[in-house]
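Undergrad: Chains A and B, in that order, give the protein sequences.
Sequential numbering from 0 applies to the first sequence in numbering that gives the first Met the number 0.
Sequential numbering from 0 applies to the second sequence in numbering that gives the first Met the number 0.
A hint or two may mislead.
One copy or two, it doesn't matter: identical chains are merged, so the pair holds either way.
Result set (SDA-like, lysine to any residue): computed pairs, CA atoms no more than 25 Å apart in a straight line [as the list claims (entries may be wrong)]:
1) 181 - 195
2) 201 - 78
3) 159 - 89
4) 82 - 169
Think of the hints as simulated: they come from the structure by calculation, not from any bench.
Number of protein chains: 2
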Amino acid sequence: MTSKGIKPKIETQGMDISVDCVVFGFDNDQLKVLLIEQKQPIDTSIKTQKAVPGDLVMDNESLDEAAARILKELTSLKGIYLKQFFAFGDPNRVRGLKDQQWLRTFRVNPERRVLTVGYYSLVKLSEFKPKAANFAGNAYWVDVYNIPSLAFDHNEIVHKALLMLRHELMADHIGFELLPEKFTLSQLQKLYEIILDKKLDKRNFRKNILRTETLTPLKEKQQGVLHKPAQLFKRKLK
Amino acid sequence: MTSKGIKPKIETQGMDISVDCVVFGFDNDQLKVLLIEQKQPIDTSIKTQKAVPGDLVMDNESLDEAAARILKELTSLKGIYLKQFFAFGDPNRVRGLKDQQWLRTFRVNPERRVLTVGYYSLVKLSEFKPKAANFAGNAYWVDVYNIPSLAFDHNEIVHKALLMLRHELMADHIGFELLPEKFTLSQLQKLYEIILDKKLDKRNFRKNILRTETLTPLKEKQQGVLHKPAQLFKRKLK
DNA sequence: TTTTGAAAGTGTATTTTTCACACGAAGTAT
DNA sequence: ATACTTCGTGTGAAAAATACACTTTCAAAA
Numbered sequence: 000m001t002s003k004g005i006k007p008k009i010e011t012q013g014m015d016i017s018v019d020c021v022v023f024g025f026d027n028d029q030l031k032v033l034l035i036e037q038k039q040p041i042d043t044s045i046k047t048q049k050a051v052p053g054d055l056v057m058d059n060e061s062l063d064e065a066a067a068r069i070l071k072e073l074t075s076l077k078g079i080y081l082k083q084f085f086a087f088g089d090p091n092r093v094r095g096l097k098d099q100q101w102l103r104t105f106r107v108n109p110e111r112r113v114l115t116v117g118y119y120s121l122v123k124l125s126e127f128k129p130k131a132a133n134f135a136g137n138a139y140w141v142d143v144y145n146i147p148s149l150a151f152d153h154n155e156i157v158h159k160a161l162l163m164l165r166h167e168l169m170a171d172h173i174g175f176e177l178l179p180e181k182f183t184l185s186q187l188q189k190l191y192e193i194i195l196d197k198k199l200d201k202r203n204f205r206k207n208i209l210r211t212e213t214l215t216p217l218k219e220k221q222q223g224v225l226h227k228p229a230q231l232f233k234r235k236l237k
Numbered sequence: 000m001t002s003k004g005i006k007p008k009i010e011t012q013g014m015d016i017s018v019d020c021v022v023f024g025f026d027n028d029q030l031k032v033l034l035i036e037q038k039q040p041i042d043t044s045i046k047t048q049k050a051v052p053g054d055l056v057m058d059n060e061s062l063d064e065a066a067a068r069i070l071k072e073l074t075s076l077k078g079i080y081l082k083q084f085f086a087f088g089d090p091n092r093v094r095g096l097k098d099q100q101w102l103r104t105f106r107v108n109p110e111r112r113v114l115t116v117g118y119y120s121l122v123k124l125s126e127f128k129p130k131a132a133n134f135a136g137n138a139y140w141v142d143v144y145n146i147p148s149l150a151f152d153h154n155e156i157v158h159k160a161l162l163m164l165r166h167e168l169m170a171d172h173i174g175f176e177l178l179p180e181k182f183t184l185s186q187l188q189k190l191y192e193i194i195l196d197k198k199l200d201k202r203n204f205r206k207n208i209l210r211t212e213t214l215t216p217l218k219e220k221q222q223g224v225l226h227k228p229a230q231l232f233k234r235k236l237k
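Generate the whole structure from the sequences, applying the supplied hints.
TA: Dropping the structure here:
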């Protein structure tokens with residue numbers, strides 16, 4: 000096996016690149032992921048599939064731009080927290096029978112290999128305006144700990160997104176991205192507990208989170224609760 | 000701007016996917032990165048460029064497989080530490096004039112957009128067998144803190160690889176991947192100091208690294224040094 | 001054989017961080 | 001007034017991080 004010979008130019012057939020967004024939301028009780036449902040085909044005996052929202056990257060678009068576009072089409076929200084976390088490139092990741100059926104309904108080249116770059120995003124459910132994107136039927140939230148069987152390799156993508164979110168939550172304290180602008184420490188703690196899937200001690204949590212200096216205490220208190228109202232905080236800017 | 004209408008199927012022109020490998024090596028003194036040099040074109044007035052080794056992902060190949068193949072072509076080594084760290088998707092990342100000149104010498108579709116997935120790998124310089132891969136001219140090592148100007152977006156890729164390597168070194172203690180099979184704690188400490196770019200205390204370093212239980216002490220000692228020979232260690236298996 | 005040079009190897013005291021743990025205060029509803 | 005619910009807080013113990021200096025071991029040279 001010598002390598003002295005001149006290598007011929009190898010032609011690859013070209014691939015599609017897509018971006019898939021694992022959109023996380025928090026409803027004070029569960030960490031949710033936004034799924035879209037395949038539009039019901041004319042042949043109504045075909046069982047529709049579910050997936051994470053995603054789309055092809057357009058020819059002049061960067062990956063970050065594609066992710067932002069997908070998110071905006073779906074949620075009408077701009078300026079949302081978005082982070083690339085992994086590229087999924089198995090050559091057969093869209094080769095399932097039902098995956099192909101679905102792709103044929105909206106892709107010009109459904110048989111083409113597609114590499115997808117995974118992003119996750121954190122949205123405030125309170126600001127969320129549901130909207131069916133034109134690449135999908137309905138969109139809806141499901142508990143991240145009860146994800147149904149998804150199309151393509153999307154179960155793996157969601158799982159990896161959750162692992163990366165956990166890391167980043169610990170390292171960079173980005174939890175407030177999932178909460179309303181003003182929130183209490185108890186809300187924040189519950190968010191951490193659900194994302195990390197473990198109980199935390201209240202006093203230690205407060206000490207730790209305040210030491211990071213990522214929060215600004217407000218003069219306001221919680222309103223309309225039937226118990227002692229808690230102090231509100233917001234994220235510290237810069 | 001309504002979205003009620005049916006979206007036409009959008010055709011993207013398809014992209015090439017490449018994998019670029021930032022190969023790190025350690026020579027007891029510097030952390031090095033392996034670069035390849037563009038083969039000198041017939042027009043010898045053209046100044047050749049340097050880059051990180053990389054190649055297109057073949058049609059039936061996963062990303063991990065492509066990275067392993069590139070590395071094997073270049074180093075003849077198998078079973079090397081390899082880790083995906085980021086996807087670089089700027090639509091104009093190969094649009095420089097000299098980048099295009101280079102691509103035309105070995106790509107069938109040099110004008111095609113190419114997304115690259117960055118991997119970094121850790122090799123033991125002691126086992127390294129230099130070998131010009133057929134996608135490049137010579138390969139050589141340069142100090143990671145003195146990288147020359149590279150083709151494409153490869154300076155950015157190397158920089159990001161170094162940041163990721165630092166993180167992983169702290170978190171997972173993978174330093175021994177860069178050292179010979181048997182090594183001393185002083186060698187390991189120096190490696191950490193160079194990667195992290197800061198001085199460490201000898202006693203504290205030893206306490207910490209031994210507490211991680213990633214190393215096995217050997218009964219052997221260093222040979223052929225003109226001072227007290229140090230105890231040798233190897234990575235703990237499992 | 002003694003001396004010299006060079007890196008190896010080792011312990012302790014201080015500070016900081018982590019962890020475990022319980023109760024009175026403040027508000028609402030009845 | 002009482003009951004209910006969540007808020008908000010401190011301390012002691014254990015573990016981890018940090019700062020810091022001297023003796024030992026070997027080979028080479030004198």
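Undergrad: None of the hints should be skipped; say for each whether it holds.
TA: For each hint, the structure was consulted:
When the C-alpha separation of residue 181 and residue 195 is checked against a cutoff of 25 Å, the pair qualifies only within one copy, where the shortest distance is 22 Å, while the shortest distance between copies is 38 Å. Taking the shortest Cα distances, residue 201 and residue 78 never come within 25 Å of each other, neither inside one copy (31 Å) nor across copies (46 Å). With identical chains, the CA atoms of residue 159 and residue 89 are at most 25 Å apart both within one copy (15 Å) and between copies (24 Å). Proximity of residue 82 to residue 169 under the C-alpha cut-off of 25 Å is found in both arrangements, the shortest distances being 15 Å within a copy and 22 Å between copies.
When each numbered hint is compared with the structure, a violation occurs for hint 2 only.
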